[in-house]
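**Q** Here is what each chain is made of, one letter per residue.
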Amino acid sequence: MKVLEDSGSSVALQLEGIDRSYANAIRRFCIAEVPSMAIDDVVILENSSVLYDEILAHRLGMVPIRTDLERYNLPEECDCGNPLGCHKCRVLFVLDAKGKDKVMTVTSGDLVSEDRDVRPVSESIPLIKLAAGQSVKLEAYARLGRGKEHAKWQPCTVATLTDGKKEGVFILTVESAGGLPAKQVVLKAIELLEKKLKEIQVAVGGPD
Amino acid sequence: MMIPIRCFTCGNLIGDKFVPFQGRVKGGEEPGKVLDELGLKRYCCRRMLISSIDVIDQVLPFYSRKPEL
Chain F
555 MKVLEDSGSS
565 VALQLEGIDR
575 SYANAIRRFC
585 IAEVPSMAID
595 DVVILENSSV
605 LYDEILAHRL
615 GMVPIRTDLE
625 RYNLPEECDC
635 GNPLGCHKCR
645 VLFVLDAKGK
655 DKVMTVTSGD
665 LVSEDRDVRP
675 VSESIPLIKL
685 AAGQSVKLEA
695 YARLGRGKEH
705 AKWQPCTVAT
715 LTDGKKEGVF
725 ILTVESAGGL
735 PAKQVVLKAI
745 ELLEKKLKEI
755 QVAVGGPD
Chain Y
47 MMIPIRCFTC
57 GNLIGDKFVP
67 FQGRVKGGEE
77 PGKVLDELGL
87 KRYCCRRMLI
97 SSIDVIDQVL
107 PFYSRKPEL
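Just so you know, the sequences run in chain order F and Y.
If you read the first sequence in the numbering used here, its first letter stands for residue 555, the second for the next number, and so on.
If you read the second sequence in the numbering used here, its first letter stands for residue 47, the second for the next number, and so on.
With the rest of the complex left out, here is chain Y (with noise of 0.2 Å):
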């Protein structure tokens, strides 16, 4: 649903670098680069980011405000 907050492998923060990596590489940049510039250096963490899709930003769409009474 949402990016996980840490590696499931060694445990490493990786939440907070989600969106910078995403809109970084949206951006055209190389994603390897990108991962070796934010730190990661073991390929669990790197999988992390690199396979992961927020799912809650297709679903939310659907959850619009209740028409207030």
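The shape of chain F in the complex, shown without the other chains (with noise of 0.2 Å):
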């Protein structure tokens, strides 16, 4: 196994020894597995902008999230037992915005977190316009889910798995979507590949 890139951003791997399937099934847990931050939950006390409602709520679920996988536990898997989670599971968001003399574009730096780690990946993003005296007042709670569930909670961007020079050999191209460095997204499906490996294993009646 060769690393030919390494860029935070992106990586790319060469891959030797290992079944392609197997080496596809990487991928595919860097897609679909791999959690990682979106807003999920938005509570709307005030929207006067020109915007919907619905629209902003997914505006916001957009946003990518830097994500902090050892703090953070999957709601499913937290032991709060809360519906409505626990710091541990999720994290609020307060935009409170209001249109002064002339239009001005809420962005999402103007996102206020509990959490100072856990924040949009780029402060810039634009999320709404507001003419004068328009305004928006919401709360947003960001949780950790996966790709299978919402595109939104997918870790990377673009996953390729293409054939290397000799046969047998693979390059799994993984790049990030911002919430977590791409080598991070790599090593945590390989962990969670593993895991369900040994879950079957288990079912099956194989050793522990």
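A portion of the hints provided could be inaccurate.
[To be verified] List time: in silico DSSO-like cross-link candidates among lysine-lysine, alpha-carbon distance up to 27 Å:
hint : chain 1 : residue 1 : chain 2 : residue 2
1    : F       : LYS656    : Y       : LYS72
2    : F       : LYS737    : Y       : LYS87
3    : F       : LYS737    : F       : LYS720
4    : F       : LYS750    : F       : LYS642
5    : F       : LYS656    : F       : LYS642
6    : F       : LYS737    : F       : LYS752
7    : F       : LYS702    : Y       : LYS72
8    : F       : LYS652    : F       : LYS691
9    : Y       : LYS87     : F       : LYS719
10   : Y       : LYS72     : Y       : LYS87
11   : F       : LYS556    : Y       : LYS72
[Stated by the list, open to error] Covered, in the sense of this in silico footprint (three residues per stretch, anywhere, with C-beta under 8 Å from a C-beta of chain F), are these stretches of chain Y:
hint : stretch
12   : 47-54
13   : 60-73
No wet-lab data here; the hints were simulated from the structure.
Cβ coordinates follow ideal geometry from the N, Cα and C atoms, glycine included.
Please dock the two separately framed chains into a single complex, following the hints provided.
**A** Laid out in structure tokens, this is it:
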């Protein structure tokens, strides 16, 4: 195995000695199984902008958020058992913006997070534009989720598996969406794949 | 209405690149070069910026402030 490229936002790995189907399983885990953070629940307290509540909520959901997999749990795996979540499985964002005398753009930088390390990847993503007198006030809850549930939780944009120069050599390229470094996406994918295989092994009655 | 936040096809973040893109293209730069410099290498992401018009800018002038009582 060889690392061909590792720029933080994308990695290219040369894989050798493993089956194509196994390499493809890693790729698919990168897309659908590795968790990442995204806004999921939005409580709109006030919205006099020209965008409908649901469009605004959808835009908020699409914002890529820096993810810390060590400190946060998936809500379904969290031990709090609270359907509303706890400090270990959700992060609150608050947005309070009011249009002054001219048109203003509300950006992702205006979202105030309760956790300093969990914040949008970029500060300058336009969320909405407000005319004078219009205002938006909302609470947004971000949580970990998986790409198989909604594409907003996909930690990578493009993940490809291509043939290398020799037979039996594959090149796995993974490009991060911003929430997690690309390398971590691959490492986590391998970890989760191994966990799932173990589950099968136990279910079939093999050694633990 | 407004520039989408992510590329429809690949999910790459493009929302934060629209303002710099428009500013530079209106300033006379070659759009293709600007897209290259913004790091958009796939054509799915590039068309997002090229083909987008913020219609919200045409709508907002009609929402002037209500006179305060």
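**Q** If a hint holds in the structure, say so; if it does not, say that too.
**A** Hint check results:
Of the supplied pair hints, the one linking LYS656/F and LYS72/Y holds, its CA atoms being roughly 22 Å apart against a limit of 27 Å. Of the pairs offered as hints, the one joining LYS737/F and LYS87/Y holds, with about 20 Å between alpha carbons and a cut-off of 27 Å not exceeded. Between LYS737/F and LYS720/F the alpha-carbon distance is near 24 Å, which keeps this suggested pair within the 27 Å criterion. Distance hint between LYS750/F and LYS642/F is fulfilled; the C-alpha atoms sit about 24 Å from each other, no more than 27 Å.
Restraint check for LYS656/F and LYS642/F: the C-alpha separation of about 40 Å exceeds 27 Å, so the hint is violated. For the suggested pair LYS737/F and LYS752/F, the alpha carbons sit about 23 Å apart, so the restraint of at most 27 Å is met. Taken as a hint, the LYS702/F and LYS72/Y pair is broken in the structure, with Cα atoms around 40 Å apart against an allowance of 27 Å. Restraint check for LYS652/F and LYS691/F: the C-alpha separation of about 8 Å stays at or below 27 Å, so the hint holds.
Restraint check: the Cα-Cα separation between LYS87/Y and LYS719/F comes to about 24 Å, which is no more than 27 Å; the hinted pair holds. Between LYS72/Y and LYS87/Y the CA atoms are separated by roughly 21 Å; this keeps the pair inside 27 Å, and the hint holds. Using a Cα cut-off of 27 Å, the hinted pair LYS556/F and LYS72/Y is violated, with the two alpha carbons roughly 44 Å apart. Coverage of the stretch 47-54 of chain Y by chain F holds [criterion: at least 3 residues with CB-CB distance below 8 Å; count 7].
Three residues within the 8 Å Cβ limit are the bar, and the stretch 60-73 of chain Y against chain F gives 4, so the coverage statement holds.
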